[in-house]
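Sequences listed follow chains R and U, in order.
At position 80 of the first sequence (counting the first as 1) the number is 80 in our numbering, and the numbers step up by one without a gap.
Just add 120 to wherever you are in the second sequence, counting from 1, and you've got our numbering.
Since the hints were made in silico from the structure, they are not lab data.
The reader is advised that the hints may include incorrect statements.
Listed next, the in silico DSS-like pairs over lysine-lysine satisfying Cα-Cα at most 30 Å (straight line) [said to hold, decoys possible]:
| hint | chain 1 | residue 1 | chain 2 | residue 2 |
| --- | --- | --- | --- | --- |
| 1 | R | Lys45 | U | Lys184 |
| 2 | U | Lys209 | R | Lys82 |
| 3 | U | Lys147 | R | Lys57 |
| 4 | R | Lys45 | U | Lys210 |
| 5 | R | Lys53 | U | Lys147 |
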Amino acid sequence: MKYLRQFGIILFISFLGEIANYAIPLPIPASIYGIIILFLCLELKILPLSSVKETGKFLIEIMPVMFIPAAAGVLNVWGIIKPSVIEYIAVMVISTIAVMAVSGLVTQLVIRLTGHSGHQ
Amino acid sequence: MNHFFEDSVFFGVTLSFLSYGLGVLLKKKLKLGILNPLLVSIVITVIVLVVTDMDYEIYYNGAKYISYLLTPATVCLAIPLYEQFEILKKNVAAILAGILSGVLTSLSCILAMVLIFNMNHKQYVSLLPKSITTAIGMGVSEELGGYVAITTAIIIITGVFGNVIGEFVLYIFRIKEPVAKGIALGTASHAIGTAKAMELGEIEGALASLSIILSGIITVGFAPVFAQIH
Chain R
1 MKYLRQFGII LFISFLGEIA NYAIPLPIPA SIYGIIILFL CLELKILPLS
51 SVKETGKFLI EIMPVMFIPA AAGVLNVWGI IKPSVIEYIA VMVISTIAVM
101 AVSGLVTQLV IRLTGHSGHQ
Chain U
121 MNHFFEDSVF FGVTLSFLSY GLGVLLKKKL KLGILNPLLV SIVITVIVLV
171 VTDMDYEIYY NGAKYISYLL TPATVCLAIP LYEQFEILKK NVAAILAGIL
221 SGVLTSLSCI LAMVLIFNMN HKQYVSLLPK SITTAIGMGV SEELGGYVAI
271 TTAIIIITGV FGNVIGEFVL YIFRIKEPVA KGIALGTASH AIGTAKAMEL
321 GEIEGALASL SIILSGIITV GFAPVFAQIH
């Protein structure tokens, strides 16, 4: 029963996310509203952590597998990417590395300047 | 036989899970960084589809049930966020500075490279949302008049690339704080990078989850401004 209940709650919150996505005219997807709704439910003690924990951690663990179909789907757009494929790949590689380096280093610098840290 | 695969609901799901499992096994046995389970499983899936000359639609007929779980799984990212909320509150300034600088780096880096390569406006706006989560990125691309299919493909490739090279980039740039690692992975490569952050630790995973939300929203604000430039 525990897993059934947890999965039910998670699906229900996903559904609430869909309602929010439908009702609010912002380009924010259901999943993002869902994160915010579940977070508020936990933080405001509407739901105890134990009501979603195990099933939630399981879903997060298998999450990489969920990206395989979409990634294999890139095959479908190969035709339209092909003419400029080198440019697209170059922009993708360089900007991704740049974003990772800059956001990580800026965060780390501010942490060290203010003396806070994730290490406890 | 082909009819059987066309109707099969479990073929796509099984292929995805088996290839991912094989990817995990290969990584354990060979201990090579390049053997990222996600990359291995994508390559195996594509090879199977190409070699057997199977339509993507047939594969997707079953595989869509895994994609179906993506929204509930993303919703669950609220759990690590809740568990690490204390660390998050303590580092608000660093987190906001990191994500904002990351988004601006992404947009200006794309602008600079598009100018260097002499790419057109439509290609440019298709690339602008490349580091944010697919659902938001598609909306941004559509709004700015980009090729939504290209945006979707680039977003996914960016995610997989970030997942594969993430640890290496963090090592090279000496990014050692767990909070900073999470921000870097989430801001550069959204949910697929977050999957890598989850493997690194709870703090990394929580901060990467937060980065998906904030970098997505900040990009919605800045992308139209950048779209005016070229």
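How the hints compare with the structure:
Between the alpha carbons of Lys45/R and Lys184/U the distance comes to roughly 34 Å, so the proposed pair goes past 30 Å and is violated. Note on Lys209/U and Lys82/R: the hinted pairing is violated, with a Cα-Cα distance of about 45 Å set against a maximum of 30 Å. Of the supplied pair hints, the one linking Lys147/U and Lys57/R holds, its CA atoms being roughly 22 Å apart against a limit of 30 Å. A hinted pair counts as satisfied when its Cα atoms are at most 30 Å apart, and Lys45/R with Lys210/U qualifies at roughly 21 Å.
Only pairs whose Cα atoms come within 30 Å are accepted, and Lys53/R paired with Lys147/U is accepted, the gap being roughly 28 Å.
Violated hints for the displayed structure, listed by number in ascending order: 1, 2.
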